[in-house]
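Next come the chains, spelled out residue by residue.
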Amino acid sequence: MGVVTKPNGIKPTRIKGGLDSRVFDTVNITLLLIFTVAIVVPLWNVLVSSFSSGQALAQGGFVFWPTEFSLENYRAVFRDAGIWQAFFISVSKTIIGVSTHVFFCAMVAYGLSKKYLRGRRLYVAMGVITMFFSGGMIPTYLLIKSLGLLNSFWVYIIPALFSYYDVVILMNFFRNVPDALEESAKIDGAGDWRVFLSLFIPLSMPALATIALFNGVGQWNDFMTTKLYITDQSLYPLQMMLYEIIVQSQTQSMQNIGGSVVIETTTKGVQLATIVITTLPILAIYPLLQRYFISGMMLGAVKE
Amino acid sequence: MAKSAWTSPGRSSETKPSIGRRVKQFAVDYVRQWELQTMVIPGILFMIVFCFVPIYGLTIAFKSYTVIDTLDSAPWVGLENFRIILSDRYFWDSVVNTLAISFLKLAIGFVLPIVLAIMIYEVRFNRFKKLVQTVSYLPHFLSWIVLGGMMITWFSTTGLFNQLLLDLGLISNAQNILLDANKYWWIATLSDIWKESGWGTILYLAIMAKIDPTYYEAAKIDGAGRLRQIWNITLPNMKMIISLNLILTISGLLGSNLDQTLVLMNSQNREKAEVINSYVYRMGLAQGDFSYATAVGLGVSIVSVILLLTANKVTSKMNDNQSVL
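Residue numbers (the working numbering), protein chains in the order written: chain E, 1 to 304; chain S, 1 to 325.
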């Protein structure tokens, strides 16, 4: 009886057991199949509903394919100039936010990764405190307000610059770079900044990419920042716009019990199309995310 | 940390110099490594401004802060705000809702990822294993706003949920359960589980991948079935990580998901949906009672720290006096 060792560290396949074992497999796979279907079918339903005509939405009665295929929801969404503005805000806050966050964290992490850094013990203690304590919602709000960041695009970027958790991950990564590389660069006359920028950054791409991807998903999905600090509609990202549509259609459907079906289904269709548009970028980078999140989890599991 | 870890190389073997010498040495080293210091200083400034200033701002919980005040001009009122909390019915309603949802999430949402991870681990067809993992991690990356919008579609009277129940003959007429306050706790719990339990398996799977396969071989030779192997090999190997997760979950019992609450709460289900976080949000930002809302937030964090320490004590007893944290 042989054991096939998988290179990716997954448990080796145990070849053919007895009847018990086959019963176990059958039950196990059936349950997992049900679980998978319970995730896929609702998501699929949202996708096809977004391509349904308003009338068919109002009648309902379909699960896998709309009774009447139509692009009217998407046409309605794109006719609204607001969606383009929101899309622009979402994209720019994600791109600017991610690049500044990754650079800022890497810079601090590089400094802190040197054991001989003066004051390091104090800095690390401060960092650990920020991981466990925070002022909470109201004091943070008052701070943002006194900094003049309310209703400013920079509220998406500046408070999100730094995360000690990400610093720890990068610090551990930098420590694993062999010292000889740095020493030889220093002998050639390079200073710390030079070593950091042209040696460590290129070498640390996998770790930087992991952090960038997760931070990017966070930025894209973030809605609380807008809800708390932004009232200017021209600064709304997609998530906030979607939230407004949801609240609006909820109120309508409650006021409308027994009333006009037309208005309700239009907002419903718009809501569905906006959901799909908002989720599409996440789906597009999902394969990349999948490649990086296992390594990301492992990096994070290493304790300082 | 050993002293040598943060003095510059080559100097660590010196005997302890006087304070004046040490300050001078510090200054010399500091200037010599100014490039490194310029990298760290922005981070330190960030932490002071965005983390420590708000922590100082917590003092408004003991003050009577109004919109025209600055942090320092507001008059001290001692524990007045906390006294009001004790008799605030709406606050205690939100505590009940928070605890109910948290305990449901703990009872179901804590066990399910463990079971699921073991089930995935036991799959022998790698293609199918990959498929299950790919699908089950996906909902984690959807925002609560997106998921909330989806749920409103699924649960509407013409939506997927009612359609399926009607087709199966389980109900006779469609009903929107999002408008039913009595079902809210379950909706909040189950939707959270749907979203996060697949993602929750990742850490468990990573730990399981490190279990020495010869254990299973030996167990099989001794005639142990698959369930026996899971019970006697897989689970004991995950004891540490399960305890760690349990501690973190327990310390988060009073925490709640503000995004989820804001998107799923409506005028019909508010009484069962209002949680501590959303109450702080409503009192503080919607009604402008900053001091009171801060007091609520502070009180809750203190209780959370106590919960964390207690949970750590209890689980370390279970793990032969080894602390997991």
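Be aware that one or more of the hints could be misleading.
[Claimed, not checked] Derived lysine-lysine pairs resembling BS3-like cross-links, with alpha carbons at most 30 Å apart: (1) E:Lys-227 to S:Lys-130; (2) E:Lys-114 to S:Lys-24; (3) S:Lys-183 to S:Lys-313; (4) E:Lys-115 to E:Lys-186; (5) S:Lys-130 to S:Lys-210; (6) S:Lys-24 to S:Lys-129; (7) E:Lys-186 to S:Lys-317; (8) E:Lys-227 to S:Lys-183; (9) S:Lys-195 to S:Lys-183; (10) S:Lys-239 to S:Lys-313; (11) S:Lys-183 to S:Lys-239; (12) E:Lys-115 to S:Lys-220; (13) S:Lys-239 to S:Lys-129; (14) S:Lys-195 to S:Lys-129; (15) E:Lys-145 to E:Lys-227.
Worth flagging that the hints you see were computed from the coordinates, not collected in a lab.
Item to complete: Could you work out which earlier hints the structure fails to respect and list their numbers in ascending sequence?
Response: 1, 3, 6, 7, 11 and 12
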